[in-house]
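For the protein sequence lines, the chains are Z and G, in the order given. Quick note: the first sequence uses my numbering, first residue 1, plus one each step. Quick note: the second sequence uses my numbering, first residue 1, plus one each step.
These are computed hints drawn from the structure, not numbers from a lab.
Note that identical chains are pooled: a pair holds if it fits in a single copy or bridges any two copies.
Listed next, the in silico BS3-like pairs over lysine-lysine satisfying Cα-Cα at most 25 Å (straight line):
{"hint": "1", "residue 1": "Lys27", "residue 2": "Lys60"}
{"hint": "2", "residue 1": "Lys27", "residue 2": "Lys67"}
{"hint": "3", "residue 1": "Lys155", "residue 2": "Lys60"}
{"hint": "4", "residue 1": "Lys4", "residue 2": "Lys27"}
{"hint": "5", "residue 1": "Lys100", "residue 2": "Lys135"}
{"hint": "6", "residue 1": "Lys4", "residue 2": "Lys135"}
{"hint": "7", "residue 1": "Lys60", "residue 2": "Lys120"}
{"hint": "8", "residue 1": "Lys106", "residue 2": "Lys135"}
{"hint": "9", "residue 1": "Lys120", "residue 2": "Lys100"}
{"hint": "10", "residue 1": "Lys4", "residue 2": "Lys67"}
{"hint": "11", "residue 1": "Lys120", "residue 2": "Lys67"}
{"hint": "12", "residue 1": "Lys55", "residue 2": "Lys135"}
{"hint": "13", "residue 1": "Lys4", "residue 2": "Lys120"}
{"hint": "14", "residue 1": "Lys4", "residue 2": "Lys40"}
{"hint": "15", "residue 1": "Lys120", "residue 2": "Lys40"}
{"hint": "16", "residue 1": "Lys4", "residue 2": "Lys60"}
{"hint": "17", "residue 1": "Lys40", "residue 2": "Lys67"}
2 protein chains.
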Amino acid sequence: MDLKETEISSQQIFQGRILDLSVRTIKLPNGETATREVIKHSPASGVIAINDEQKMLLVKQWREPIKQLTLEIPAGLIDPTDASPLDAMKRELNEEGGYKADYWEKVSEFYSSPGFCDEKMYLFYCDTLTKLTDKRSLDADEFLTSDWYSLDELKNLLAEGTIVDAKTIYAITVWENMLLSGRQSDDK
Amino acid sequence: MDLKETEISSQQIFQGRILDLSVRTIKLPNGETATREVIKHSPASGVIAINDEQKMLLVKQWREPIKQLTLEIPAGLIDPTDASPLDAMKRELNEEGGYKADYWEKVSEFYSSPGFCDEKMYLFYCDTLTKLTDKRSLDADEFLTSDWYSLDELKNLLAEGTIVDAKTIYAITVWENMLLSGRQSDDK
Chain Z
1 MDLKETEISS QQIFQGRILD LSVRTIKLPN GETATREVIK HSPASGVIAI
51 NDEQKMLLVK QWREPIKQLT LEIPAGLIDP TDASPLDAMK RELNEEGGYK
101 ADYWEKVSEF YSSPGFCDEK MYLFYCDTLT KLTDKRSLDA DEFLTSDWYS
151 LDELKNLLAE GTIVDAKTIY AITVWENMLL SGRQSDDK
Chain G
1 MDLKETEISS QQIFQGRILD LSVRTIKLPN GETATREVIK HSPASGVIAI
51 NDEQKMLLVK QWREPIKQLT LEIPAGLIDP TDASPLDAMK RELNEEGGYK
101 ADYWEKVSEF YSSPGFCDEK MYLFYCDTLT KLTDKRSLDA DEFLTSDWYS
151 LDELKNLLAE GTIVDAKTIY AITVWENMLL SGRQSDDK
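Chain Z on its own, in the form it takes in the complex (with noise of 0.2 Å):
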């Protein structure tokens, strides 16, 4: 079977600073017509960053849309700027967390809900960290704190469901695989 549906027309309907939204019409695979609501959305970073104690970096901060202090791995939209997405989450490691990391490696990449937006998330691992005495400062809208857990803390967080988010479950989730699987920093 041919799934694959056409785009007729688009009506730009909002375009914003970290989102755009159209509504379109498109060609179904039997031929109909039907409208799809999207929105287009600017990547971003996200890191697990595990120190020499075994302890997961997160920042907690205040999000609007679900009106709730979330606990998430630092994060942020990659900038025009930004070399690349490492280079993105390099710069927000520092921002975020005031932290640099001498090891790095790509977990995966993903969007985060494509049935309706095209936000699309870069994931990296790192670990062998350094606390910056210059760190760099957060955006001007930007207020949040960071501390460590280590995975049995991250575990009652998500039993007890203080931790919300997505990318952050996935994320605490891939760290367990590589404890099981028995990855160690010395396997590097």
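Position chain G against the provided structure of chain Z, taking the given hints into account.
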């Protein structure tokens, strides 16, 4: 540090079929004001469905926001007529796969991208599946096929970049983790 932000006003830009967009003016922790572009989106359910051959069910469909075919776990928006997220998932497993399952458990719930959107997803695990003879119809604008994949096949699809959907990548990691932890069907 108090990180809470307070909504001062909200301007609705668009009210659609699956999402609404508004621009909110908020008061930051330091007393300054800023704006936030906020999407309200219906909640959804998704499922890790494993058959007796230890294969996972994925559906293939066209995703207009990223203009490509994706492989994703069965999932769908929770309808007002669904009694619960689990009830919605049972309906979707019937519509998208044509199956019913005798064993169900809740895996987690999360917001897909809480920085700009309130879309919440409820993730379930199920096994002990039976093919239905009275499969429900898909929505009129929904076209998809479904198939079964072993963990090795899924890892290859991940490695080659064929699977790009966040909840599906997370679901595969959860399932791998269950297998690594020695979780067997007879542990239930």
